[in-house]
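Just need the whole structure built from these sequences, with the hints factored in.
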Amino acid sequence: AAETVKIGFLDPLSGPFANVGDAGYKHFKYAADMINAQGGDQRFEIVPFDSKLSVSESLIHLKNAIDQGIRFMTHGTGSNISGALIEAISKHNERNPDQQVLYLNYSAVDPALTNEGCSFWHFRFDSHSDMKLAAITDYIKDQKNIKKVYLINQDYVFGHAVRDASIAMLKAKRPDIEIAGDTLHPIGKVKDFSPYIAMIKASGADAVITGNFGSDMSLLVKAGKSAGLNVQYFTFYAGGIGSVPAIGEAGVGHVKQVTEWHNNLWFEENKPDDEKYFMGYNRKYGGEGKAPFFFLRIRTMMEMMDKAIKKAGSADAKNVAYALEGMTHKTPYGTVTMQASDHQLIQPLYISTLSNAGTKTVKYDVENTGFGWKTDKRIEADATAMPTTCKMEKPAR
Amino acid sequence: MLEYIFFSTINSLLYGMLLFMLSSGLTLIFSMMGILNFAHASFFMLGAYFAYQISQFVGFWPGLVIAPLLVGVLGALVERYGLRSVHKHGHVAELLFTVGLAYLIEEIVMLIWGRNAVPYQIPNILDFALVNILGTDLSAYRVFMLVVSIGMFIFLFLVLTRSRIGLIIQAALTHPDGVSTLGHNVPGVFMLVFGGGSALAGLAGVIGGNYLITEPSMAAHLGPIVFVVIVVGGMGSLTGAFIASLLLGAIQTFAVGVQVSLSDLLALFGLTPEPSGLLKDFLRIQISHTGPILPYLFMVLMLIFRPKGLMGKRET
Amino acid sequence: MSLPAVKLTDVYKSFGKSRIINRVNLEINTGERHAVIGPNGAGKSTLFNLISGFYPVSSGRIELKGREITNLSSHQINRRGLSRSFQVTNIFPKMSVFENIRCALLWTTGYRYSFWHLCGRLKRLNEKAEELLEKISMTERRHVPAGLLAYAEQRALEIGVTIAGDADVILLDEPTAGMSRSETERAVSLIREVTESKTLIMVEHDMSVVFDLADRISVLVYGEIITTDSPDNIRNNTRVQEAYLGKESA
Amino acid sequence: MLEIKDLHAFYGRSHILQGVDIHIDKGQIVSLLGRNGVGRSTTCKAVMGLVPARGSIRYQGEEIVGLKPHLVARKGIGFVPEDRWIFPGLTVLQNLQLGLKSRKQKGRWEIKDVFTMFPNLKIRRDVQGGLISGGEKQMLTICRTLMGDPDFIMIDEPTEGLAPMLVEQLAGLIKEIAQRGVSVLLVEQKLSIALKISSRLYIMGHGRIVFEGTPEDLKTNQTVRKEWLEV
Amino acid sequence: MKKKDKKGFFMWSKHGLWIAAMLIVIILPFFFRSGFSRSMLSQIGIAIIFALSYNMLLGQAGLLSFGHAVFYGLGGFFTIHILNTVSNGVITIPLELLPLAGGFGAVIVGLVFGWLSTERAGTPFALISLGIGELIAASSLMFPSFFGGEQGISGDRMTVFALTGIRFGKQITIYYLIAFWAFLSIVLMYLLTQTPLGRLANAVRDNPERASFIGYNPHWVRTLQYALAAFFAGIAGGLFAVNYEIVTAETVGFIPSGNVLMMTYIGGVGHFFGPILGAVLVTFMQLSLANMTHAWLIYFGLLFIGMVIWAPSGIAGIIMLHEPVWKAKLMKRLIPSYALAVFPALILFLGTVMFIEISYHLSLSVDPTAPMHLFGIHFRAQSLFPWGITVFLILIGFGLLQRAIKRVRQSWGEVNLIMKKESS
Ligand SMILES: Nc1ncnc2c1ncn2[C@@H]1O[C@H](COP(=O)(O)OP(=O)(O)OP(=O)(O)O)[C@@H](O)[C@H]1O
Ligand SMILES: Nc1ncnc2c1ncn2[C@@H]1O[C@H](COP(=O)(O)OP(=O)(O)OP(=O)(O)O)[C@@H](O)[C@H]1O
Ligand SMILES: [Mg+2]
Ligand SMILES: [Mg+2]
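Taken in sequence, the protein lines are chains A, B, C, D and E.
Its first residue numbered 1, the first sequence is counted upward by one per residue in the working numbering.
Its first residue numbered 1001, the second sequence is counted upward by one per residue in the working numbering.
Its first residue numbered 2001, the third sequence is counted upward by one per residue in the working numbering.
Its first residue numbered 3001, the fourth sequence is counted upward by one per residue in the working numbering.
Its first residue numbered 4001, the fifth sequence is counted upward by one per residue in the working numbering.
There's no promise every hint is true.
[Claimed, not checked] Here are the simulated DSS-like cross-link-like pairs (lysine-lysine), alpha carbons at most 30 Å apart as the crow flies:
1. E:Lys4170 with A:Lys391
2. C:Lys2094 with B:Lys1088
3. B:Lys1088 with D:Lys3101
4. E:Lys4420 with C:Lys2135
5. D:Lys3101 with D:Lys3075
6. B:Lys1308 with C:Lys2094
7. A:Lys394 with E:Lys4170
8. B:Lys1088 with E:Lys4406
9. A:Lys63 with A:Lys91
10. D:Lys3075 with D:Lys3106
11. A:Lys276 with A:Lys318
12. A:Lys91 with E:Lys4170
13. E:Lys4327 with A:Lys6
14. D:Lys3068 with B:Lys1088
15. B:Lys1308 with C:Lys2017
16. B:Lys1088 with D:Lys3075
17. A:Lys173 with A:Lys391
18. E:Lys4170 with A:Lys318
19. B:Lys1088 with E:Lys4170
20. B:Lys1280 with A:Lys391
21. E:Lys4170 with A:Lys63
22. E:Lys4420 with C:Lys2094
23. E:Lys4170 with C:Lys2094
24. E:Lys4329 with C:Lys2094
25. D:Lys3068 with E:Lys4406
26. C:Lys2094 with E:Lys4421
27. D:Lys3068 with B:Lys1308
Please keep in mind that the hints were generated in silico from the structure rather than gathered at the bench.
Okay, here's the thing in structure tokens:
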């Protein structure tokens, strides 16, 4: 008989950030559908929980999930919640050895989670922000026309991390580059970025590195366009769900992102299988492309979980964790590895630029906007790996 | 440097007028009816979404007229069938009603237009650089926004000074029966004003929606700042709101350029403490980091030390 | 001679450009019942507002029982033993009659801002409140929220709240306005009773009440005291008749 | 001019007016007397449409029961409430201006007439209504209603809080109002004034009219006065 | 004599209520055994303290605050910092008493903010609280050493020694700790309403001007009341810290501030127990309604607006409306009309739920093309048929409800009449 493995999906499913959680949930469902459709006696079921982006509610829902016999939790939105989940799950597993739970992180990129804050019970399937930044600076290293870089970030931990790492990495990789400016601004409070644009303009920078997301990201680019600012934006989240429609034409040719996937990769690397996969998603869950496929890593994660449970021989959290450690997996775009030392997935990354879509080289657009991503550079998986400070306590097998 | 100051001045002016535009409808409603309308930003959002939808069919310009009218009618209906029955329970109840309304509008917007941002973009004819001064573009659309917000100011100014609507409502807040026995249709006037305020919010939405981002959370984003404007300006004073907008625009714009932190200041006096913990965070913060939250500080200080606001005639 | 209960020296008050109180000098003896009369808008209520600390004076000096109280805030003046009522009824509308009285007693009974005493357990306080209720004959209505009382009852409660703190100087501003004849008579006897051995200053337009109650009368016209005298002399004073009483009452 | 027939009014469950009949002719001053709480103010409010009422109120031949207050006012009925309803945030002048039904309205009274009648108001024209003295408020509320140029005016307890001299002046004003062709319904406590200026009197008791007649009738009728006016 | 008897009975019935409440609190976890429901109960306990403390401002002192969570959150942070200090062995405080750290920390901040913001009540106060709330929320991310940045500050309660010797690992133990503090706080807050300060808070709310003429400085009364409210909010925050072992910046933010306002208002500000009802209902709705439907915010918004329009005195207000009827033993006259109203109300409710769920399914669900199921029935949302039923239900429900409400009014009229006759 088929054995059902339940995965608890915890993310905002109502309220202003529901779009993010909603997209994640659909990806998981689709990935589960695809695995289940292959037959076999192992089936996945995704059980959604609404985190409402609140730590306390998330922790209550964690209990709720455990009550329902769920032993695998996945979550992506809100570093505050991921930190709390790691803590809570570690304590829970220690206090309740018979109900151990695994936390599968598909999107929270705070480097600490796989460094000083690492845990045996946590696996990250997204590259963390330092890795992404390393990719960006690797790219910048070869761009000789970039002479001055401006850093603009949100004034909180993630923004600080991006800023500090940018300074350090640029210094190491391109000592000749001048940091023309470095600004932090309160998160989500700026309505008009024109003053910041004026600063950037005055500094004479030709590139901007920003960890901004959401409206802080889109508004920045729009304000730049309206003042005729001509720079390259190196971003983490310009391709995030809903961002391209918000940025619109203002970003074309200026905005770059670092991701593990975008919807023209299959074309550039000639992987029609992948096209079939994500177009299937777009037809079923993507609302005719309005909320298209985005997270390749969710596919990767589900496939690796499938393998790991089979390998472990049971859906027991600890055994699955050991099975995941060090596992390699072939994705359409190369082999990825789950590092045993810190439970960080090592995967290839891409720098891409927002371009007009529908051309020969840029086949698909995103979210029906007419704009799509075009790869500038592929960074091989190995090159993205970073040293870790993780000292993991592992339970006895 | 000169260039920077020049542009910051222009930016602060433009930003100030944007703030004024966002808060003008609220100024009308708050100063006349005394209602802290938490749904104001929601009406603003509706204006943006309506304009987006209309522009899909007939283009931007008809939307500029139709969308605010629709929002105005909606506002009037809200007053007629909601607020009016709440009015007798006092300002707190009114305010809570608008809080609930804001919740509901956000959800309804998501139901209709989905959870993601809609691609509501600046119309093509206005999407060009009007002038290029010293290497920086001044986009035509920003100038257009400036013109409209000045128009709104003049319109409101005329309404407030040339009509007795303001007097009637102010009087009706204390003795509604007294006003009606003098022959004034109090409920009608309330409906008109609330509808008018909503329409102004809608207009701001049409114009601001594409300059900012039209998404379901835009209301929550803009909510508090509009209160700051009217409070700092002073209750019942349009000119106050106008000046406050410009002032807040200037504060925020110029703060961005001041990259001075407390520890820099101390260093000026030869002090270089190296504290840890909270104090370190405190010393680290530069004025430029705080720009967007300075208005709130300003508002709190204003309320504590000069509750009338800049130009207010009476206390809030 | 004992100190005057209230003494005003060269008191001026202006609102903007208009001078409302124009050099008022007034001494009110301890234990007397003093009425202030004058045409509408003469500044009687303003004078009360100055004495009770509701408005600051523009210049001049006010003393209460020999101690200066000029420009103290109203609660400070109240704590020194001066209490007032208002021309427009001014009570705690949502609280019961009993609570109104009890609250008014709290400061002088010494409980101040206490949050470690339970009102229900404070015997002395409750007894005092009961007594006072009895005095203003509202024991029956003790549980009624004050805002729902009939007009005359509210005025009585207003007086009750005013005298509750046991202040020895009491200011009443038109205590009988809006009352019918019979209610007025009842109110007068109440006032007479509760201000026994206290200093009373009152403003009133009802001449029968004034002549009935007052030991001395001051006439305030356009912010100036034109005369202070005994009721009989006031009645016959031609200037007063001209300025205030009119021919009929003369 | 005004004809009230079998008027009933309720506050919640309590039946305040239990069939009131009053009629007033053009240019007449009619007084409505009675003890505290018998329903005189309620009668005025019922006419104004401020309390829901049943029965018939015909004004110049037209049925006005159930009309909204502002429509009643626009028909030419003025009301001076006993609570005065001065708008505290507006200046004296603005209070007066609100009395005008439209900005351009011209009637029997103008603001400058008011200021000559009551010089106090002129001095205080820019002071907020909430700050002026009690007596000034009383003058203001009457004048504000006059600004609307009513053809029929109901004045509720106008002498409350007025100095004796002003009471006389007020009596004169009411007479003048009537002389300008405005009918007056005067609700008063002070019998002396009512007797002096009104052409007819009604006395109310327990929500009904218990006496109707001329001042002379009332002066001679001791029993009515005993039973319905004194305690 | 008679009077005394009555009072004695009253006292007993009052204490009886407290005792009954205590018993319920003790046995509740035996009925709710799952970790989820026990966590929910714990959260409800915290919410009750928080909501009651909020009502010390809104209900008792007439101060509408938009930033009460500042004290909730700060209380949490104080507690978790102390917890960590205790864990590190710098000081020793038993775990059971840690929430007090939150309370005392909050009281100090409360005195400062209270003094600054309560010079005037009404709108100025509301706006100052909004501003302070915004400021603290915005700066919480800028001061990572105290607020811990986005990650917040976490701790481990198991490392702190417990006075009672209990090991506070399992949720049930924490539940009882919270229940204890909640009970204590409820009693204390109730008693506070009976103190001179509590009474004066009411007086100042009703008429601050008059209060200053009976010797009180309204500003000071408000400040003290504000600080005391902050104290209890701080305790609630402290319990939060102990319960979740983590405190993040979101706890000082707008969402908990808004939530507590809603709880208190929905429960009813006019009665002491109102906020308790509100806290229970709203917390329950937020935690379990969200599991049933992702459209829960719509229901929540509708409920809230409905309450503001039709029941501004909250659930407690509705209940207390019936108190005199109950005492007069006249409930039986109301019940038939209520029973009659239940059916149309249900129909209307059903129709509304269908309307919302179908719209939601079509527009925001994971897979709009999939058949949807509601009340155990499966159907296709795209077809016209369910829409027809929905509209039909809403119209019928609405129409019938109108008539039923008329009936209810009528019976209320009769009841009032009888009560009036009896009293006079
Ligand atoms: N705050 C103020 N600002 C401006 N003018 C004021 C203020 N308060 C009072 N006045 C004016 O001062 C004058 C005196 O007012 P006050 O209330 O003292 O009169 P009063 O003698 O009590 O008269 P009444 O018998 O009519 O009550 C009035 O003309 C009033 O308009
Ligand atoms: N809003 C109200 N709700 C309930 N009862 C009311 C209300 N207003 C007045 N009443 C009652 O109606 C009755 C008549 O009131 P009304 O004001 O008409 O009396 P009045 O004859 O004008 O007396 P007064 O001398 O007090 O002005 C009184 O018994 C009063 O208690
Ligand atoms: Mg006076
Ligand atoms: Mg009356």
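To see whether the hints hold, each was checked on the structure:
no.: 1; hint: E:Lys4170 with A:Lys391; verdict: holds (27 Å)
no.: 2; hint: C:Lys2094 with B:Lys1088; verdict: holds (16 Å)
no.: 3; hint: B:Lys1088 with D:Lys3101; verdict: holds (25 Å)
no.: 4; hint: E:Lys4420 with C:Lys2135; verdict: holds (28 Å)
no.: 5; hint: D:Lys3101 with D:Lys3075; verdict: holds (11 Å)
no.: 6; hint: B:Lys1308 with C:Lys2094; verdict: holds (29 Å)
no.: 7; hint: A:Lys394 with E:Lys4170; verdict: holds (23 Å)
no.: 8; hint: B:Lys1088 with E:Lys4406; verdict: holds (22 Å)
no.: 9; hint: A:Lys63 with A:Lys91; verdict: holds (12 Å)
no.: 10; hint: D:Lys3075 with D:Lys3106; verdict: holds (15 Å)
no.: 11; hint: A:Lys276 with A:Lys318; verdict: violated (35 Å)
no.: 12; hint: A:Lys91 with E:Lys4170; verdict: holds (11 Å)
no.: 13; hint: E:Lys4327 with A:Lys6; verdict: violated (54 Å)
no.: 14; hint: D:Lys3068 with B:Lys1088; verdict: holds (18 Å)
no.: 15; hint: B:Lys1308 with C:Lys2017; verdict: holds (21 Å)
no.: 16; hint: B:Lys1088 with D:Lys3075; verdict: holds (27 Å)
no.: 17; hint: A:Lys173 with A:Lys391; verdict: holds (28 Å)
no.: 18; hint: E:Lys4170 with A:Lys318; verdict: holds (21 Å)
no.: 19; hint: B:Lys1088 with E:Lys4170; verdict: violated (50 Å)
no.: 20; hint: B:Lys1280 with A:Lys391; verdict: holds (29 Å)
no.: 21; hint: E:Lys4170 with A:Lys63; verdict: holds (11 Å)
no.: 22; hint: E:Lys4420 with C:Lys2094; verdict: holds (21 Å)
no.: 23; hint: E:Lys4170 with C:Lys2094; verdict: violated (47 Å)
no.: 24; hint: E:Lys4329 with C:Lys2094; verdict: holds (27 Å)
no.: 25; hint: D:Lys3068 with E:Lys4406; verdict: holds (24 Å)
no.: 26; hint: C:Lys2094 with E:Lys4421; verdict: holds (25 Å)
no.: 27; hint: D:Lys3068 with B:Lys1308; verdict: violated (36 Å)
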